[in-house]
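Colleague: Build the full structure now, drawing on both the sequences and the hints.
Each chain, letter by letter, is given below.
2 protein chains.
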Amino acid sequence: MPTTVPPVTLDDVLDAAARLKGVAHRTPVLRSRTLDALVGAEVHLKCENFQRVGAFKFRGAYNAVSRLSPDQLARGVAAYSSGNHAQAVALAARELGTTAVIVMPEDAPRSKRAATEGYGAEVVTYDRYAEDRVAVAEGVAAERGLALIPPYEHPHVMAGQGTAALELLDEVGELGALLVPVGGGGLMAGSATVAKGRFPGIRMIGVEPEAGDDTKRSLEEGRRVSVPVPKTIADGQALHEPGELTFSVNRRLVDSIALVSDEEIREAMRFAFERLKMVVEPSGASALAALLAGRVGDVPARVGVIVSGGNVDAERFASLCGGGE
Amino acid sequence: MPTTVPPVTLDDVLDAAARLKGVAHRTPVLRSRTLDALVGAEVHLKCENFQRVGAFKFRGAYNAVSRLSPDQLARGVAAYSSGNHAQAVALAARELGTTAVIVMPEDAPRSKRAATEGYGAEVVTYDRYAEDRVAVAEGVAAERGLALIPPYEHPHVMAGQGTAALELLDEVGELGALLVPVGGGGLMAGSATVAKGRFPGIRMIGVEPEAGDDTKRSLEEGRRVSVPVPKTIADGQALHEPGELTFSVNRRLVDSIALVSDEEIREAMRFAFERLKMVVEPSGASALAALLAGRVGDVPARVGVIVSGGNVDAERFASLCGGGE
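Residue numbers (this note's numbering), protein chains in the order written: chain S, 1 to 325; chain W, 1 to 325.
Any given hint could turn out to be false.
Restraint ranges, calculated between C-beta atoms of paired labels, are given here [said to hold, decoys possible]:
hint, chain 1, residue 1, chain 2, residue 2, range
1, W, Gly297, S, Pro28, 27 to 35 Å
2, W, Val23, S, Lys21, 30 to 38 Å
3, S, Ala37, W, Ala301, 25 to 33 Å
4, S, Gly294, W, Thr9, 50 to 58 Å
5, W, Ala114, S, Val29, 27 to 35 Å
6, W, Gly22, S, Arg110, 46 to 54 Å
7, S, Ala37, W, Pro70, 41 to 49 Å
8, W, Ser261, S, Arg110, 21 to 29 Å
9, W, Asp255, S, Glu131, 53 to 61 Å
10, S, Asp298, W, Asp107, 40 to 48 Å
11, S, Lys21, W, Asp71, 50 to 58 Å
12, W, Lys21, S, Arg94, 37 to 45 Å
13, S, Glu106, W, Pro109, 20 to 28 Å
14, S, Arg26, W, Ala301, 19 to 27 Å
One-sided excerpt, in silico: chain W residues whose CB lies under 10 Å from chain S [said to hold, decoys possible]:
hint, residue
15, Asn49
16, Arg110
17, Ser111
18, Lys277
19, Val279
20, Asp313
Calculated directly from the structure, the hints in this document are not laboratory data.
Here the structure is a predicted model, which means the values were calculated and not measured.
The beta carbon of each residue, even a glycine, is placed where N, CA and C say it ideally should be.
Modeller: Rendered as structure tokens:
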């Protein structure tokens, strides 16, 4: 087999970390005696729900925008997202003195649109029943000469996302395993690059919702497999196939994928709320859910978990977790 | 006027801090760009919702239990509380190798009872419509030779509570004002002792729910005033008069009291949830609410806020904050 250069390396993540210094939060690593007792291991939670814009996405977006040429920064950037990537690109653009156009569905929640505009971005809407968002975004970008910042299919995005795992491992040292939520696979690609680079023996465990097990299937088949668009509360993980670049990294570095049900995610969100006093969105809670629900076999003595985001408003949290069982 | 020795001094708080080292969490001080912009000041949040048992109460309880004689520790401790003090005394007793009896109403929430028993305490119930809890607790304590640990009327309890403000000021330096929720007044007495001891110019601002303005009235009249038992969602502040010891401290050191409505508390809880990604109980949110609702005049450039607790379960949070307006 030919040796190919991986799209993201440990050095790329270290470079991203230098760029993010003083711009992204160095988020806390939390411990809980209750959690350790339940799991029977020392659990280290890397809390990206406390990151700027409320999710790890700011890391990748900022790193990618910061790499653009002065000419490109003078023209601006674009992205398509109705989720955390939208706000991440909007804020990264503002921090770097450029402008952002974010392509969102017409019926995106008002709060998401307001938050994105609050960071100074222009929102361009499309009809998600009639138009393809990638085509709309590429059209806007081409017309105005903007650089499109993809949510995961980009080396600088993956490298930026890897800085969360880098901070975690720098702070707590070697871990037996690291659990990472997997959507498009960018957070995992960056995390696995760092973790295996630092500690080759670490087990990298991805976590997907049961309904969206595209990466699990793809790893089993050794090629990218599509699944029907998943129905899950974990909206950040409702993707139907792995990215091409991210999968090229993850097929080499990911040891296994654990699946979690929506109910297990809800339980983890409730646990985070009541015992850890913190707010975690469904996708952000999936890796914690896998651990709490016993979906991970042979839990090592020291395990890391990336809590990837906290963007869930009080109403949605109440409807997901407040009903009582 | 005769010079009297205050019941709690800065040295008492420093001594408590030494006892609590490695036992209580040194809780984080959080900042939020959004909060600063809304308030027009640099706001430093001391997050006691991340304290053990989810509230500052552990500090005072542990300090008080740790001061007991070996003989007394061999016999055990008692407390009356259906709130955070119950769990605080239960955990403090366990940590110090003694036993605790907690007197709770028969109809206390099952979760509170289970949590208290989970820390190894024995729960003794009483009929809150027919019996007086203090009398019940004193009876149990006398009969079994237990030391009663009061929720605020004790120098060691006040000194322990002061360690939160001590950590905050050690971390961030001088502040123009410090906002502290006031219930029985123990947290304020300890906080004000530290803050005025370190920085005599700091403004100490207590915060009470509108319905329970007993400390505000008492300060205005220069003597302890009773109000009808307050109806408020801030259950930790639903007291009808200040403590005698706590008031003797607070009348000297508190500059003013701000009042907040239940709706303003709900707004602050929602803000903490959605913007800070953290869970705060109603009493714990009152000082933040005063700041957000503009109940504090002349906000100085740098202000501290004690977020005193986070014990609200997902169902109650949903019913308080999840309904939409």
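Colleague: Under 10 Å is the threshold here; is the Cβ of asparagine 49 (chain W) close enough to any Cβ of chain S for the hint to stand?
Modeller: holds, 5 Å
Colleague: Range hint 53 to 61 Å: satisfied by the CB atoms of aspartate 255 (chain W) and glutamate 131 (chain S)?
Modeller: Given a distance of about 60 Å, which is inside 53 to 61 Å, the answer is holds.
Colleague: Hey, does the valine 279 (chain W) contact hint survive, CB to chain S under 10 Å?
Modeller: holds, 4 Å
Colleague: Is 27 to 35 Å respected by the C-beta to C-beta distance linking alanine 114 (chain W) and valine 29 (chain S)?
Modeller: holds, 29 Å
Colleague: Okay, alanine 37 (chain S) versus proline 70 (chain W) on CB: inside 41 to 49 Å?
Modeller: violated, 29 Å
Colleague: Identify whether the interface hint at lysine 277 (chain W) stands, where standing means a beta carbon of chain S within less than 10 Å of its own.
Modeller: Cβ of lysine 277 (chain W) sits 4 Å from chain S, so the hint holds.
Colleague: So, arginine 110 (chain W) near chain S? Judge it on the closest CB pair being under 10 Å.
Modeller: Since the shortest Cβ distance to chain S is 12 Å, the answer is violated.
Colleague: For the range 19 to 27 Å, tell me whether the beta carbons of arginine 26 (chain S) and alanine 301 (chain W) fit it or not.
Modeller: holds, 25 Å
Colleague: Kindly confirm whether 21 to 29 Å is satisfied by the beta carbon distance between serine 261 (chain W) and arginine 110 (chain S).
Modeller: holds, 26 Å
Colleague: Does serine 111 (chain W) meet its interface restraint, that is, does its C-beta lie within less than 10 Å of any C-beta in chain S?
Modeller: holds, 9 Å
Colleague: Can aspartate 313 (chain W) be said to touch chain S, with a Cβ gap under 10 Å?
Modeller: Holds, about 6 Å.
Colleague: Assuming the hint says 30 to 38 Å, is it satisfied by the Cβ distance from valine 23 (chain W) to lysine 21 (chain S) or not?
Modeller: holds, 34 Å
Of the numbered hints given earlier, the model fails hints 3, 7, 13 and 16; all others are met.
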